[in-house]
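Undergrad: Chain by chain, the residues run as shown.
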Amino acid sequence: MRKFSIKKTLIVSLLLLFSIVSLLPLYWVFSTSLQLSSYQDDDLERTTSYVNANPPKMYPMGIPEYFEHWGKAREAEKNDDLEQATYHRDMMSYIVEDTFSGFKRLFSQNSMGMWFFNSLYIGIVVTVGVLLFDSMAGYVLAKKRFPGRNIIFWLIISTMMIPSQVTLVPMFIMVRDLGLMDTHWALILPDLSMVFGVFLMRQFMYSIPDELIEAAKIDGASEWRTYWSIVLPLAKPGLAALGIFTFMNVWNSFLWPIIVLNSANLYTLPVGLKTLQDANLADFKLLMSGAAIAAIPMIIVFLIFQRHFVKGLTLGGVKE
Amino acid sequence: MKGTNASITSNKNKGVWHSMKKNYAAYLFLLPKLTLFIVFIAIPVVWAFILSFQEYQIIGGNEWAGLSNYLSVFESEAFKKALLNTTIYTAVTVPFNVITALIAASLIHSLGRFAQGFFRAAFYLPTVASMVIIAMVWRWMYNYEFGLFNYVIGWFGFEPLNWLGQSNTALWAIIIMQMLIPFGVGIILYLASMSSISESLYEAATIDGANALQKWVKITVPMLKPSTVYLVLLSTIGSFQVFTQIILMTGGGPGYATETIVHLIYKTGFRDFEFGLAAAQSVVLFFIILVISILQYRALRHDE
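Taken in order, these protein sequences are the chains called A and X.
Position 300 of the first sequence, counted from 1, bears residue number 300 in the numbering used here, the numbering being contiguous throughout.
Position 258 of the second sequence, counted from 1, bears residue number 258 in the numbering used here, the numbering being contiguous throughout.
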């Protein structure tokens, strides 16, 4: 029994060490984004940047500094030293302001809000479209027998092997000739045509019992009605997994958007972040604030829908 | 499948027509996806092959160039360097990440439900963040003067290095970063497959007097082989397409020290606008990935 628990402690500490390494970069994004960027000592002689500090400050220094000034302000108030109290109170509000200044500059001097909105709405439009089109295609490919079914399926599946970079140049020419360059259509249409979901949906639809579909047909339901009110509700777990992955892919998509988008107000978050970095190479507080804003939604989505992530990965993976 | 296709194909044309008319709804269901697929995937794929044999002019027509694009691809120093870099990057990171995922998953699997959930989340969470974010923060962590990385390796007695700025360390900086990002997909897939290995196998081994390590080597690892094959293929394909880190952290430099195939395609196509050459490079990338996938699949499947 004793030996067992030593082993377990060892395993847990090893895994904890590994998870610290794995989570450290994300922690560093948030820590730097909230780090004090310029801070004056009490004697007003020296201005320190805790962002560019060697050795690095491991957490936002505004937190201890804030409480230090708070304590001093309280003390000064007790001693009726109004001048000192005001100074420390001012420092407290300065610290808060400086701590969040990266985020403020993102929204006031850059179009962060616009980029966020663009990413969000493109992600939603593509996800809804993919869920609808892929489940329709997956349904008939799994449950209907018609001439050409296998050819269509294998045609679609065989392109899954082709790296997406192969189509970059022709797609660029096509988008340009269609007059869609520097528009959101240039992102939405290609994203809607991704084929992975068809494969996933077809796999999933197989497990829906034929009897249910037959029964709906006998009851006189139209093909659309059968799909909409019998098949779709049964495919919910698969749809959830596909939806999350589609949204995540679109939200994080980078190579194609940097090729087709030129106007700053049309950028998605990843494109905006790249131009932000190009323009502020060494302003790491600003850059990490941008990175934090892009990371937060995906972290929230993951924490809420964790179960579906696992499901989607195992569905898309080996099912042998 | 289930004999129905055989009967369809053996029917006369008239039968096919009849069957198509009867199933018109199925075609309507397929229509939106199929249209998008044809326009934005099938046509561009075919077009890419055609373009790779052409000299593309922005104004005026395209001229046939025969194999000259392919010859320039293989003669160019940049492409050779990109191919070499991408290969080194893949050869180091893929085995390392798959093996660490296997070990991590095995350790996690031995724990209770709560701990399993916690570690699964801790290892998967960093992979939901966009590579753009990861690359930006690692560029900051690799900062020569103020970077966290130089500080941490200082604890172990290493001198600070200008990781991304020197041609002898830049590629390794990219590789180390990839090694330290947990292979979340791998861990989750391995965990799922492990829970489907039958307990009776382990019980039988225990009766035969096998210890934990022997059971792991003789039962767990072989039983997980399908997952391993899938993960190696998946991450090799992904690895050959490495791009985001490169453009955000080094721009392929210094010199060609971190040039990779996809970054080179990007530069050739969309900075220099040499469409024919970029198309040829991407076709070459496709065949490299295809050949490696087939070889890996065969090698890993060999003894079954």
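Take these hints with a grain of salt, some might be off.
[Claimed, not checked] Have a look at the derived ranges for each label pair, beta carbon to beta carbon:
#	chain 1	residue 1	chain 2	residue 2	range
1	X	Ile153	A	Thr48	21 to 31 Å
2	X	Val291	A	Asp182	47 to 57 Å
3	X	Asp272	A	Ala221	29 to 39 Å
4	X	Lys225	A	Asp182	44 to 54 Å
It should be emphasised that the hints constitute simulated quantities derived from the structure, not laboratory data.
Just so it is clear, CB atoms sit at the ideal spot from N, CA and C, and this is done for glycine as well.
Undergrad: Looking back at the hints listed earlier, which ones does the structure fail to meet?
TA: 2, 3
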